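My request is simple: use the sequences and hints to build the entire structure.
So the protein sequences, as listed, match chains A and B.
When we follow the working numbering, the leftmost residue of the first sequence carries the number 1, and every step to the right adds one.
When we follow the working numbering, the leftmost residue of the second sequence carries the number 1, and every step to the right adds one.
None of these hints come from the bench; they were simulated from the model.
Given the structure is predicted, the values throughout are model-derived calculations rather than measurements.
Just so it is clear, CB atoms sit at the ideal spot from N, CA and C, and this is done for glycine as well.
Heads up, a few of these hints could be off.
Taking lysine-lysine pairs in the DSSO-like style, the calculated list, with each CA pair at most 30 Å apart, reads [said to hold, decoys possible]:
| hint | chain 1 | residue 1 | chain 2 | residue 2 |
| --- | --- | --- | --- | --- |
| 1 | A | 250 | A | 237 |
| 2 | A | 67 | B | 387 |
| 3 | B | 123 | A | 96 |
| 4 | B | 387 | A | 114 |
To spell it out: a stretch of chain A is covered by chain B in this simulated footprint if at least three of its residues, at any positions, have a beta carbon under 8 Å from a beta carbon of chain B; those stretches are [what the hints assert, rightly or not]:
| hint | segment |
| --- | --- |
| 5 | 101-109 |
| 6 | 144-153 |
| 7 | 224-238 |
| 8 | 259-266 |
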Amino acid sequence: MIASMTNIIGVLEQYRGGGFLLLIYAAAFVYLFVKEKDATARALFVYLPLMVFILFLLPPVYAIYCKVEADAYYRLLWLMPMLATVALAAARITKKAGIPGMAVIAALIIAGGKYTYANVNVLHAENRLHIPQAAIDVCDFILNDHDILMAEAGTPRTPLPEFPESILSGDEGFWDDRVKAAVPGELVHFTRQYTSRVNMPFGREMMVPQWPYFNDVYTEMEKAEVIDAEALSEILKETGCGYLVLNAAKPVEGDLAEYGYEAIAFLDGYNIFRRVPEE
Amino acid sequence: MAAVIKLVLCIFWMVFLPVAAGGIPCLLLPESRRSFLRRAVSGYLVSFTVFEITALPVLLLTERGDFGLLCRIYMAEMLLLGILGAAAGRRRKPGEAAGRGSFAGRVLYGCGISAGAQGKKAKLLWVIYLGLLAFKLVMALTHTFFDGDDAYYVASSVIADETGSMYRILPYVGGATSLDVRHAMAMLPMWIAFIARMSGTHATIVTHTMIPLAFHPLNDAVLALLGSELVRTAGRENESDSALPAFMIIAALWQVFGNVSIYTPENFLIMRVWQGKSMFVNFLIPLVFYIYLCLGRSYGRAEVSGLTEENSGRERSFLFAAALMASCTAGLFTSMAPVLTGGLMGLMSIYCAVTVRKRRIFLRTLIVVLPCIIYTALWFYLLFTVKPF
Chain A
1 MIASMTNIIG
11 VLEQYRGGGF
21 LLLIYAAAFV
31 YLFVKEKDAT
41 ARALFVYLPL
51 MVFILFLLPP
61 VYAIYCKVEA
71 DAYYRLLWLM
81 PMLATVALAA
91 ARITKKAGIP
101 GMAVIAALII
111 AGGKYTYANV
121 NVLHAENRLH
131 IPQAAIDVCD
141 FILNDHDILM
151 AEAGTPRTPL
161 PEFPESILSG
171 DEGFWDDRVK
181 AAVPGELVHF
191 TRQYTSRVNM
201 PFGREMMVPQ
211 WPYFNDVYTE
221 MEKAEVIDAE
231 ALSEILKETG
241 CGYLVLNAAK
251 PVEGDLAEYG
261 YEAIAFLDGY
271 NIFRRVPEE
Chain B
1 MAAVIKLVLC
11 IFWMVFLPVA
21 AGGIPCLLLP
31 ESRRSFLRRA
41 VSGYLVSFTV
51 FEITALPVLL
61 LTERGDFGLL
71 CRIYMAEMLL
81 LGILGAAAGR
91 RRKPGEAAGR
101 GSFAGRVLYG
111 CGISAGAQGK
121 KAKLLWVIYL
131 GLLAFKLVMA
141 LTHTFFDGDD
151 AYYVASSVIA
161 DETGSMYRIL
171 PYVGGATSLD
181 VRHAMAMLPM
191 WIAFIARMSG
201 THATIVTHTM
211 IPLAFHPLND
221 AVLALLGSEL
231 VRTAGRENES
241 DSALPAFMII
251 AALWQVFGNV
261 SIYTPENFLI
271 MRVWQGKSMF
281 VNFLIPLVFY
291 IYLCLGRSYG
301 RAEVSGLTEE
311 NSGRERSFLF
321 AAALMASCTA
331 GLFTSMAPVL
341 TGGLMGLMSI
351 YCAVTVRKRR
361 IFLRTLIVVL
371 PCIIYTALWF
381 YLLFTVKPF
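Rendered as structure tokens:
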């Protein structure tokens, strides 16, 4: 019970974050509690949120919710209409105190909040896809190289089928339109947002530290400070990786070419290696 | 030229048809209560509801989740609904709007915002709000918002569009998998993939560039509806009223400065408006509040609702239809949304029923939340029966 309460308070603390927007909401809530005359509005914007908040604080509710979606308990707070409550209180105050009244509330929100566009994850878009151009360039290069090789080998290019039955049968030979490429962590999120033709030995699931996954390729490529060329190439061969993309800044011990991966390009700060067909 | 054609097609499927389809539910309303905002919002509800109801059987009953089949069926449905809705959606008589003074006043009146923009103060506030909305749109267009979950949702759209298979290929790494029950029934990424396929545009461009241009105004439209109903409480419709634009400005500021943590609805709105979770909290939840606020008032005294008895009945029919569609739509956004939406609707109906002493609100809500209950039951059933590949 106490542990649950601690967790619930922790969720609330995390939700509150920095700034004092929750305090502004609390003030708006009290204002409506005192001033709101309309019965329905009072029921929905005062009593209902109060009930939701009480439910949120109850350990049994927390226990049940977490059985289904453990890390999303904060979403119960989404049922409290904070934005509308603050905006309604502001509208009422504006009606009485005029624009200066609204300006004070606006100033409080600006002072108590955090500017979303200052978030470290907001960057100028490099293209219309809003993903790094390097991810696009690397994928285009790999797919183009793969298509040329297939054409030279006389293998007919098989377009992506509407109904990919072959993946059920595990017939990898059918998939000559696809490639498997290991890409560094900073490109992992974006590669398959650009094309489903590039499969990967590890994906985003490895990039979230709290998720309990293990992957050999990831361990050799990302976790190791210096990449062991021999160990990495062996694992890549086992997973059927035709291509390897490495950040040029990442140190590599040994020559990948000796172990079956030849360098074919340097693009946007990345070295691209292709698996040499074995005799 | 090709880019222009794609843009036009994108707008046609993503904006025009849903808004046109809104003419159908608006038929339930008395003419005095029809407005562009109600039509647009209910049109998206129609569009989302029809998509979810169509997509779930296709997802579950075809061998690999036949996206091509879904596109063909949904295309026909939306064209039909769009044509019917366009034919059904009658405009207000010009004389009515003309009586509202300035151009800005006529536009707002057409949007169903009766608090006009005749006064200088109100006009100034509306300009500030529109500036904030434009700012959000420009930022959405020119900036990239990194979110790890995109590696799942956006990749799912790309896979569906490129391979024609829904939720049977691992989005993170590729390769076959069994149906991903946990996420598959929340099909907003497939709705986006549909827009991508119909417009011939890359699904990631649609997601990151086009969707915010439609969803930000849509979410604000819901807020404007909610705000206009809330500020109407004062019981007057003063021509120079500044309460609603003040409401919208504060709402916009709250959104833009709401990045206090990564869990707030405002963070989800700005950083990932294309994801179902964001639409759930920024579109559906305020909409449910709006629906039940109007419902409660429609049962109240005429001076509060502003409606005659006959019109109150028609208004309620529209609102219950909207609530039913919201209930169907919840599952489109996120798997937990039906539980939360159904629970919220249940609580609201109890509060409203007690407040206006009308048991009928609660009883009808029991029917309204049925889609949420069915969805949740199906979700749990699949979760425990579908074996990993």
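Status of each hint after checking the structure:
{"no.": "1", "hint": "A/250 with A/237", "in the structure": "holds (20 Å)"}
{"no.": "2", "hint": "A/67 with B/387", "in the structure": "holds (20 Å)"}
{"no.": "3", "hint": "B/123 with A/96", "in the structure": "holds (18 Å)"}
{"no.": "4", "hint": "B/387 with A/114", "in the structure": "violated (44 Å)"}
{"no.": "5", "hint": "101-109", "in the structure": "holds (count 4)"}
{"no.": "6", "hint": "144-153", "in the structure": "violated (count 0)"}
{"no.": "7", "hint": "224-238", "in the structure": "violated (count 0)"}
{"no.": "8", "hint": "259-266", "in the structure": "violated (count 0)"}
In summary, the numbered hints that this structure violates are 4, 6, 7 and 8.
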